[in-house]
Amino acid sequence: MARAVTTRRKTINSLAAWTVGLLIFFPILWTILTSFKTEATAIADPPVFLFFDWTLENYSVVQERSDYMRFLWNSIIIAGGSTLLGILIAVPAAWSMAFVPSRRTKDILLWMLSTKMLPAVGVLYPIYLLFIQLGLLDTRIGLTIVLMLINLPIIVWMLYTYFREIPGEILEAARMDGAGLREEILFVLTPMAIPGIASTVLLNIILAWNEAFWTLNLTAAKAAPLTAFIASYSSPEGLFYAKLSAASTMAIAPILILGWFSQKQLVRGLTFGAVK
Amino acid sequence: MSFKTALCAASALALTAGVAAAQTTVTIATVNNGDMIRMQGLTDDFTSKHPDIELEWVTLEENILRQRVTQDIAANGGQFDVLTIGMYETPIWAKNGWLVPLDDMGDDYDAEDILPAMRAGLSHDGQLYAAPFYGESSMVMYRTDLMEAAGMEMPEAPTWEEIRAAAEAMTDKENEVYGICLRGKAGWGENMAFITTVANSFGARWFNENWEAQLDSPEWAEAVSFYNDLLENYGPPGASTNGFNENLALFQQGKCGMWIDATVAASFVTNPNDSTVADSVGFALAPNKDGVEKRANWLWAWALAVPAGSDATDAAKTFIEWATSKEYLALVAENEGWANVPPGSRTSLYENPEYQKVAFADMTLQSINAADPSDPTVGDVPYVGIQYVAIPEWAGIGTAAGQEFSAMVAGQQSPEEALSKAQALVTDEMEAAGY
Numbered sequence: 000m001a002r003a004v005t006t007r008r009k010t011i012n013s014l015a016a017w018t019v020g021l022l023i024f025f026p027i028l029w030t031i032l033t034s035f036k037t038e039a040t041a042i043a044d045p046p047v048f049l050f051f052d053w054t055l056e057n058y059s060v061v062q063e064r065s066d067y068m069r070f071l072w073n074s075i076i077i078a079g080g081s082t083l084l085g086i087l088i089a090v091p092a093a094w095s096m097a098f099v100p101s102r103r104t105k106d107i108l109l110w111m112l113s114t115k116m117l118p119a120v121g122v123l124y125p126i127y128l129l130f131i132q133l134g135l136l137d138t139r140i141g142l143t144i145v146l147m148l149i150n151l152p153i154i155v156w157m158l159y160t161y162f163r164e165i166p167g168e169i170l171e172a173a174r175m176d177g178a179g180l181r182e183e184i185l186f187v188l189t190p191m192a193i194p195g196i197a198s199t200v201l202l203n204i205i206l207a208w209n210e211a212f213w214t215l216n217l218t219a220a221k222a223a224p225l226t227a228f229i230a231s232y233s234s235p236e237g238l239f240y241a242k243l244s245a246a247s248t249m250a251i252a253p254i255l256i257l258g259w260f261s262q263k264q265l266v267r268g269l270t271f272g273a274v275k
Numbered sequence: 000m001s002f003k004t005a006l007c008a009a010s011a012l013a014l015t016a017g018v019a020a021a022q023t024t025v026t027i028a029t030v031n032n033g034d035m036i037r038m039q040g041l042t043d044d045f046t047s048k049h050p051d052i053e054l055e056w057v058t059l060e061e062n063i064l065r066q067r068v069t070q071d072i073a074a075n076g077g078q079f080d081v082l083t084i085g086m087y088e089t090p091i092w093a094k095n096g097w098l099v100p101l102d103d104m105g106d107d108y109d110a111e112d113i114l115p116a117m118r119a120g121l122s123h124d125g126q127l128y129a130a131p132f133y134g135e136s137s138m139v140m141y142r143t144d145l146m147e148a149a150g151m152e153m154p155e156a157p158t159w160e161e162i163r164a165a166a167e168a169m170t171d172k173e174n175e176v177y178g179i180c181l182r183g184k185a186g187w188g189e190n191m192a193f194i195t196t197v198a199n200s201f202g203a204r205w206f207n208e209n210w211e212a213q214l215d216s217p218e219w220a221e222a223v224s225f226y227n228d229l230l231e232n233y234g235p236p237g238a239s240t241n242g243f244n245e246n247l248a249l250f251q252q253g254k255c256g257m258w259i260d261a262t263v264a265a266s267f268v269t270n271p272n273d274s275t276v277a278d279s280v281g282f283a284l285a286p287n288k289d290g291v292e293k294r295a296n297w298l299w300a301w302a303l304a305v306p307a308g309s310d311a312t313d314a315a316k317t318f319i320e321w322a323t324s325k326e327y328l329a330l331v332a333e334n335e336g337w338a339n340v341p342p343g344s345r346t347s348l349y350e351n352p353e354y355q356k357v358a359f360a361d362m363t364l365q366s367i368n369a370a371d372p373s374d375p376t377v378g379d380v381p382y383v384g385i386q387y388v389a390i391p392e393w394a395g396i397g398t399a400a401g402q403e404f405s406a407m408v409a410g411q412q413s414p415e416e417a418l419s420k421a422q423a424l425v426t427d428e429m430e431a432a433g434y
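Chains as they are written, first to last, in numbering that gives the first Met the number 0: chain X, 0 to 275; chain Y, 0 to 434.
Just so you know, the hints here were simulated from the structure itself, not pulled from any lab data.
By construction, the Cβ of each residue, glycine as well, lies at the ideal position given by its N, Cα and C atoms.
A few of these clues could be false.
Covered stretches of chain Y, going by a simulated chain X footprint (3 or more residues, C-beta under 8 Å) [as the list claims (entries may be wrong)]:
#	stretch
1	51-60
2	72-80
3	154-165
4	230-244
5	250-257
6	263-272
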């Protein structure tokens, strides 16, 4: 039964929500604001918030100095490719775990997650050597594979929990109607799990987009994505905060916009199955 | 598709393939600083002279670059053809056989023209392994207006006592003006670079001839407590987290009376676009303790080297020749003015009457010439390096000791405690490393 909510309570709640939201968003807002300042205003003390001479100079400098489109294209291919590849592998894996579990399924799930418990730098050297041997250093395909492997446990886990919410009887009914395994997964399970799959895809694109350890360590000039683009503007000897902010804003803009547009999908997917 | 267009397309393809085959790609790993960015902007000059060489740039933050390049070179990854490395790494890497010697540069390259201090620091066994792109020392930058208001005058070669007196006179904490800004942020290339030079100028040394740590000496105690007192009494709040950039920002905002740091900062603080004090900055040699012959000035160079795993060694050398030549300096002067020429690499630059007009040129040269990496302090030492010790273990022990001194500046421990902890950890590390 729904509880009666007073207007006063509503106001307090929304006020609190707004405060928390703004607090979380503030660093990003500050980065965006700084990107429109001159280098001198960027370090001004006391800091200026909104009333300064807005300038687009940093963006034109960044645009002139680096080939943004190349980094962007690499990011799109790596983030998109690794997510797509991950989904292709994870959907059948999650299906078997959710609908035909064996005695060891729980252990396998936990074991998969345990690979995330090792700090990435622990396996940097072996992977680096493998990449040299296979000629994968500084290639988009190499990064796509590594990011897919890194995110695979999360993808499988997420899909597994979504699939568990789907009644097995529906799949059984499909089987009785003569659906093969392929049809069952493709035409029965997938459409029902679309919100779950969509939010998994979105979350993984975001994770892969922002991944900054492997993308910096395994690339040089050719396959470097937007994380390397940001790193190229950080400097210990010289103040380039405004330009760094402009580069960061340009790097996060696509994913921020994608996030905004798919907000509903994302939230629905993340809370999918929460209400029982 | 008609036969004609097909033929055209095919020949166009063949042509691009032909061009592509003749092209050598040189991948350059570099740091993000003003001089390097300027060079990237001027590469048209190089590519027009060498159309068969294509340049690819990888610009990274200094610490990421160092880690990235070390990893690639140790694993023989062959990702880079030209590396931007410092004076600390060059002799160590050359000894490991990781770098290609730069002995056969073109006839008009004039390697003899490279400043002797730079050449010495970038060589191993008398062989040059990295060509200096720009070099720096450290010096005192001070506010001429504040000094005048205090009725004082900065000597060209001040002692630490004179620096202390000036800092005291200029400090006005109510108006957020602090007499002196110094590095406090932990790191072998951050606070330890500065503290080591202070130690040298008080006659202290890191190790004796038998590689025994000397941080328990009275000279170290005097140097470190002097540094701590300066920051405690006349420094800005939160000095323990200030590095080069933080101090640069403070100085440009007019909050520091003095700042002792890299000579390269001179072009930043005198740039009216960024600095509010651009027209009232003076320069002086780094100080010493009265009677000690060594001053607190360091020596550093960002240099270009070719890793042993490169598959484009010749093209890489051609590029280095261009980037570190006299002609390149003239090219920058022509496009950006003499004040923006990368400093500290060649003798001929300082003999150029046009360059001598630049306000900080003379002080930079004097500071560089006063630094000798093979004779950094008063006593005899078994190591090379002024603000660092050129051994592979230094990055580790320097940073660990740096954390103790940073904690001291933050007020968490006394100079005596910081020194005894540093002495203990350096001794342990060196014993473990087999010295």
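A quick look at each hint next to the structure:
Coverage of the stretch 51-60 of chain Y by chain X holds in this model, with 6 residues showing a Cβ closer than 8 Å to a Cβ of that chain against a need of three. With 6 residues bearing a CB less than 8 Å from a CB of chain X, the stretch 72-80 of chain Y meets the requirement of three and the coverage assertion stands. Counting residues of the stretch 154-165 of chain Y whose C-beta lies closer than 8 Å to any C-beta of chain X gives 0; at least three are required, and the coverage claim is violated. For the stretch 230-244 of chain Y, the stated coverage by chain X holds: 3 residues have a C-beta nearer than 8 Å to a C-beta of that chain, and at least 3 were required.
Only when three residues or more bring their CB closer than 8 Å to a CB of chain X does the claim for the stretch 250-257 of chain Y stand; here the count is 3, and the claim holds. Restraint check on the stretch 263-272 of chain Y versus chain X: 3 residues with Cβ-Cβ distances below 8 Å, three needed, restraint holds.
Of the numbered hints given earlier, the model fails hint 3 alone.
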